[in-house]
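Engineer: The lines below spell out each chain.
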Amino acid sequence: MTRSLQWRLLLHTSVATTAVLAMMGFAVYFCVQRSLYAEFDKALLVRARALAANIEQSGQHVNMDFDSEQMAEFAARKRPDYFQVWLDDGSIVSRSPSLGNRDLPHIDPRQPTFVSLILPDRRNGRALTITLAARPENEDEGPKSPFATRLVTLAIATETTSLDETLQNLRWLLAGVCGSAILLTGAVLMAVVRHAVMPVQRVAADIEALKETDLSVRLAAGVVPPELAPVVEKLNGLLARLESAFTREKSFTADVAHELRTPLAGLQTTLEVCRSRPREPAAYIAAIDRCRAMIDRMQAMIESLLLLARTESGQLPVENQPVEIGPFLVECWSPFQGRAQARRVQIDWPAVPSIITRSDRERLRLAIGNIFDNAVSYVDDGGAIRVGASQTSTAIIIEIANTGSRVEAGDEAHLFERFWRGDPSRTDTGLHCGLGLSLCQRLLRLLNGTISVEANAGGWFIARIVMPIDPAGTAAPRTAG
Amino acid sequence: MRVLVVEDFQPLRESIAQGLREAGYAVDEAPDGEQGLWHAKSGEHDVVILDIMLPRRDGLSVLKELRREKSDVHVLVLTARDTPQDKVRGLDMGADDYLVKPFVFAELLARVRALVRRKYETRSSVLTIGDLEVDTAHRAVKRAGATIDLSGREYALLEYLSLNAGRIVSRSDIWQHVYDFNASLESNVVDVYIGLLRKKIERNTGPRLIHTRRGQGYMLGEMTEPE
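If you read the sequences in order, they're chains A and B.
Each residue of the first sequence is one higher than the one before, starting from 0 at the first, in numbering that gives the first Met the number 0.
Each residue of the second sequence is one higher than the one before, starting from 0 at the first, in numbering that gives the first Met the number 0.
A couple of the hints might just be wrong.
As the list claims (entries may be wrong) - Some chain B residues judged to face chain A by a derived CB distance under 8 Å, without partners named:
no., residue
1, Pro10
2, Leu75
3, Pro83
4, Gln84
5, Lys100
6, Phe102
7, Lys141
8, Gly144
9, Ala145
10, Tyr178
In case anyone wonders, no lab produced these hints; they're calculated from the structure.
Note that CB positions come from ideal geometry on N, CA and C, so glycine has one too.
Using the sequences plus the hints, can you model the full thing?
Structural biologist: Set out below in structure tokens:
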């Protein structure tokens, strides 16, 4: 749950909103608190100055006239205010009746100083302490007075209960407002987030509904938000590739099954017919030889299939070795020489110009060997095979042709389909099952080359390999794809 | 009975042909669709065993062509394609039976026998003509309860006559349905085999069963009228 996009979005936005609202709440609170205190302090200062007017110096002495009727708040029994006056030598000049014998904190400030404190009667309060010169008793004597003017310190303290109450109310108000704002925002965010992630959920539901049995389904790309469009696009592309791969796989499996079943049926029937009655030893030997030939065919096909599968899945690493085309073709041809002689085939092998390139020798040998094998298998008895190579500025062209083509012109594309067999003579050799050219094509693609055929050019079947020239070996061979 | 085997995989085709010959059938072989169609069009075959994936002309097109030409030959499709759709398509195109490779040869033989019976409109595998019993499934022949041993050729001839019991069959009919084309029709092979068969099934006192119709051929059946 905590990992769900919706919940993460909600959590993060809620935390952020809460932090912002809390910060704003605190800011408002401190501003208000500050200005309230400033007001309060200003009033306190006015009262302090009024009190100070009662402090008089006469000669060396300083005293204070306190009229408890005019300033009843300093004498009240309940919730009184306090003041205390000290002389510069620390002696107490006067204190409010409310103080009794108690003292206010005595400091010696250079400028008016406000402190919050606990009042003697345990209430919260605020005190102002100022230092000022005592006023001479007789104003007229003032500057002529023989005595130096004395400095007195006046402290006045009053309760802050109503201020505290106001601030507390403000705190509650702000907490309430911020709290409900957070809750409200949370609720709104929940709806908004849910709405925002809806396309994601829809796509997720669509993806969840996909079945491996039906890959033809595509996600609707038009209705998703642009942020998701690439995802949907890629996914649709992936589905399309999967579908075609599965279709290929399916038809391939069917083809393999067919190709394996036929020799299997041959084996079974040969063995059953052979076993159905006692026979001469020669008949058994003939049956066994036939079975051997069928097993060879199946084995060759399985080998080709395996190679094809490995080539397609890119399991075979591609080497990059120097290849001299002329001698290399001779090398590839040698295994087929015996069969060609047996069929009285004439080999037409014009001089091949010296061409050196870089390629994977084994892969190339396999591909060219396959074409030679086809040529020797399908050439008519007493026919001809022609091998040639030439070079253009960008490519090497190798041509292998044989007479006696029985493939219809126009069937070229089929020749590269796995298991396509256009030639009835296939069964005469018993070893060709229609995988050769398909395999060649894949091998050459791996080597950046191509193969094309002309099925029937005046009775000639021509296979043409085109390889890029790469004398420096700079172009890295492609991996299978 | 004459069977045509159309199959492109040579070892399989040869083994089927050998097995069928040893079971007393005359067999023709074709390695591709074109040759198969050419043979089948001759109308001499009782059963055609037809592969589907054939070079030059595929089996289904051979079948379609045969049915288009109103051929009523019984066709058994023998193929590696085993999906229900393939079977439905094959049967709908006019195949009489469908067998998937690989198969047990005895089953192929039994299916061929069933198709032969169907062609001659016989339900039972045991044919009875008077006191003669021909068991086509076991290739056993009894007359009045006594077992008669016949060679493969003799049996094939008797089976063909039995399936056509009561009908006159010409020498060329017999030739086409019973023998491979490795001797010429002008020879008197058919008459020789009829003679051999007569000796074996008519040596006892029972009534004659094989009757000669001069200029027409032979007929198997109980006859009261003298020849």
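Engineer: Double-check Gly144(B) for me: the hint is only fine if its C-beta lies closer than 8 Å to a C-beta in chain A.
Structural biologist: It is violated, given that the least Cβ distance between Gly144(B) and chain A is near 27 Å, above 8 Å.
Engineer: When the nearest CB of chain A is found for Phe102(B), is that gap smaller than 8 Å?
Structural biologist: 6 Å, holds
Engineer: Given Ala145(B) as an interface hint, is its Cβ closer than 8 Å to any Cβ of chain A?
Structural biologist: Check failed: Cβ of Ala145(B) comes no nearer than 25 Å to chain A, outside 8 Å.
Engineer: Can we keep the Leu75(B) interface hint, with Cβ of chain A closer than 8 Å?
Structural biologist: Violated, about 14 Å.
Engineer: Under the criterion of a CB-CB separation shorter than 8 Å, is Pro83(B) in contact with chain A as hinted?
Structural biologist: 13 Å, violated
Engineer: Identify whether the interface hint at Gln84(B) stands, where standing means a beta carbon of chain A within less than 8 Å of its own.
Structural biologist: Violated: closest Cβ of chain A sits about 11 Å from Gln84(B), beyond 8 Å.
Engineer: Quick check on Tyr178(B) please, does its C-beta sit within 8 Å of some C-beta on chain A?
Structural biologist: 20 Å, violated
Engineer: Against chain A, run the beta carbon of Pro10(B) and see if the smallest gap drops under 8 Å.
Structural biologist: Hint on Pro10(B): holds, closest Cβ of chain A at ~4 Å, below 8 Å.
Engineer: Is the interface hint satisfied for Lys100(B)? The criterion is a beta-carbon contact with chain A at less than 8 Å.
Structural biologist: Holds - the Cβ of Lys100(B) comes within 8 Å of chain A, reaching about 4 Å at its closest.
Engineer: Just to be careful: measuring from the Cβ of Lys141(B) to every Cβ in chain A, is the smallest value less than 8 Å?
Structural biologist: Where the cut-off is 8 Å and the nearest Cβ of chain A is about 22 Å from Lys141(B), the hint is violated.
Hints 2, 3, 4, 7, 8, 9 and 10, counting from the list given before, are not met by this structure.
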